[in-house]
Amino acid sequence: MNQMVTAQWLLGGESIYWTSAGKWSESFADGALFADQAGADAALAASQEFVKQRVVVGPYLIEVEVDSEGPKPTSARERIRAAHNATFDIDHGSWTARISDSISD
Amino acid sequence: MYRYDQFDATFVRERTEQFRGQVVRRLAGELTEEEFRPLRLKNGLYLQLHAYMLRVAIPYGELNSKQMRKLAFIARRYDKGYGHFTTRQNIQYNWPRLDDVPDILKHLADVEMHAIQTSGNCIRNVTADHLAGVAADEVEDPRVWGEIIRQWSTLHPEFSYLPRKFKIALIATDQDRAALRTHDIGLKIVRNEAGEVGFAFYTGGGQGRTPIIGPLVKAFVKKEDLLSYLDATLRVYNMHGRRDNIYKARIKILVQALGPEEFGRQVEEEWLRIKDSVLKLPDAEVARIRAYFADPDYEKLPAFWPEFEAQKKNDAEFGRWVRANTDPHKIDGYAAVTISLKPVGMAPGDITADQMDVVADLADEYSFGEVRATHRQNLLLPHVRKQDLYHLWQRLKAVKLAEPNIGLISDIIACPGLDYCNLANARSIPVAQRISRRFSDPKRLAEIGELRLNISGCINACGHHHVGHIGILGVDKKGDEFYQVTLGGSSAEDISIGKILGPAFSYDDITDAIETVIDTYIGLRNDASERFIDTYRRVGIEPFKEKVYGSLKERRSAAE
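Protein chains in written order, with this note's numbering: chain A, 3 to 107; chain B, 5 to 564.
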């Protein structure tokens, strides 16, 4: 199973992913994939430096599956984190228009 | 309502500045996350799935219009323009930045609000019947006692590091609108045979992975002994509650392990030692606090208002809203109005900053500036003249806050679930949205009648699924979301814990399963006046099980 290192920015809490350049990106697509446990563990260890620098909080490994569309997190939890948002429309700014829409189930 | 005195104002400001210092130290690297975490939690700040989340306390659910406008200001300036009301009468902001939180707390302090003890293993925000001071059959206004408990419990040095969190709720009528016996302590204000007013202690209730209906541990505690009896209860818990296992750390586990009688005996023993101490409540102090909760200047109005009766008759939509969203008031000519935060297809409990401002304006114009948060994630304008209801309804309708669904199937309790929460296994809000859309037809809603549907995204049960007439619990199956259904729960005076229907449903199947439960109920009920919960209690779970899994099998075969 492929793995990726993820964490959260300290200031805003956004989900971030460890890249092959040894930096962080808010885009899941930029995350480095590790096919072997040793590589994943080494990346997780390297990411700790950013915890010390007070940039990120709580790095950990996630499982990632790769299909024809590319890599995606295995769990629903991580798929929602990677999307940086709730899965429903929370743009309450447009609630007036939206409520009047007939929404089929 | 209660106003801060110099002491309250000073300590809330000092606490805000203390937290500002802690944030500065965290960002400067003087505090690690491990060191900072318990400090931020004591100030209501969580780190959730996408961002920080700030939980703001609304003691016993009471707000004034100025506070509501401040909540709107915070939502607009520091968040994404909305807030979320919870089952504990709190409000949560889902997107604040860490470095903004000290400023948010300062703004809250400006209107006598804070986020202290909205998290952590301490005594949390005390909740109460949202019809406090309004219900005609109330023994006494529970808000007075809610405020006394707030003052006693806030920064209580002995109870700041309990084995686990501790929740207290208060009611003063036989009707339970506050899920009393699901709390660590449920206090019911009662009158004894001698006519004295005091408190019945239901201790050791709770939800989560071990749902327990709080047993009656002490039938009558005099008012003057309220704090000493609370202190004695907390002391026994603090001493003997389990700290070795987080899942067994709540007081309910201790009460069950000892048995309510033995637990009560130990509390009594401790109480006899301390009852005549400084904790004895002086009448003068109770009177001082009671004065803050004096009735507003009600007008003398007729109980019957012909124009209002005609409006209900002539405008069916208004009539439906009055039936579902208003409660009787102790004063003739007034009603208590529930503002539904469950418009069809929206996130239960969410409200935009603009809507908050409108609610604040309406509170000023129609309800003596008072707003309440209810434990079912709605808002309440407690004192509205019946003659104003039609205008108020039109104003609410203009901002999509007039959904006539209180107490009906779309008045769903839902926790934030996996869309926001770090602990969740599955999403709650989109499931609630799908169900509310499925049951959006007003005629169907009315046909189904009273029904409480509650959804939790994990076994912690923040969405009260155990005590919903229909409960839905999100579970994780190898990374995918599934939903277990329970039937027959109730959080009211007829409290019961729901029974599991059977195997869990997928995200795509759960709405159909709920619809089959409803259709089965309609088919089984004696007549339209028999509520879902009463039919369930009469026929049991089997007929529901048969229909729901039978129909699921049929749908699957048809799909193949």
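Treat each hint with caution, since some may be false.
To be verified - With beta-carbon atoms standing in for the labels, derived distance ranges:
hint, chain 1, residue 1, chain 2, residue 2, range
1, B, ALA450, A, GLU28, 41 to 51 Å
2, B, VAL479, A, ASP38, 46 to 56 Å
3, A, GLU28, B, GLU265, 56 to 66 Å
4, A, GLU67, B, ILE250, 43 to 53 Å
5, B, PRO161, A, GLU71, 54 to 64 Å
6, A, GLU71, B, PRO547, 25 to 35 Å
7, B, ALA563, A, PRO73, 23 to 33 Å
8, B, VAL290, A, GLU51, 51 to 61 Å
9, B, GLY483, A, SER29, 48 to 58 Å
10, B, VAL479, A, PRO73, 50 to 60 Å
11, A, MET3, B, GLN179, 48 to 58 Å
12, A, LEU13, B, GLU266, 29 to 39 Å
Said to hold, decoys possible - DSS-like cross-link-like pairs, simulated, lysine-lysine; straight-line CA separation at most 30 Å:
hint, chain 1, residue 1, chain 2, residue 2
13, B, LYS169, A, LYS74
14, A, LYS74, B, LYS84
15, B, LYS316, B, LYS226
16, B, LYS482, B, LYS401
It is worth saying that the hints were derived from the structure and are not from the lab. All of these numbers come straight from a predicted model, not from anything done at the bench. Glycine included, C-beta positions come from ideal geometry on N, C-alpha and C.
Now for the hints, and whether the structure bears them out:
no. : hint                            : in the structure
1   : B:ALA450 to A:GLU28: 41 to 51 Å : holds, 47 Å
2   : B:VAL479 to A:ASP38: 46 to 56 Å : violated, 32 Å
3   : A:GLU28 to B:GLU265: 56 to 66 Å : holds, 57 Å
4   : A:GLU67 to B:ILE250: 43 to 53 Å : violated, 32 Å
5   : B:PRO161 to A:GLU71: 54 to 64 Å : holds, 57 Å
6   : A:GLU71 to B:PRO547: 25 to 35 Å : violated, 44 Å
7   : B:ALA563 to A:PRO73: 23 to 33 Å : holds, 30 Å
8   : B:VAL290 to A:GLU51: 51 to 61 Å : holds, 58 Å
9   : B:GLY483 to A:SER29: 48 to 58 Å : violated, 21 Å
10  : B:VAL479 to A:PRO73: 50 to 60 Å : violated, 26 Å
11  : A:MET3 to B:GLN179: 48 to 58 Å  : holds, 54 Å
12  : A:LEU13 to B:GLU266: 29 to 39 Å : violated, 51 Å
13  : B:LYS169 to A:LYS74             : violated, 37 Å
14  : A:LYS74 to B:LYS84              : holds, 27 Å
15  : B:LYS316 to B:LYS226            : violated, 45 Å
16  : B:LYS482 to B:LYS401            : violated, 44 Å
Hint check: violations occur at hints 2, 4, 6, 9, 10, 12, 13, 15 and 16; the rest are consistent with the structure.
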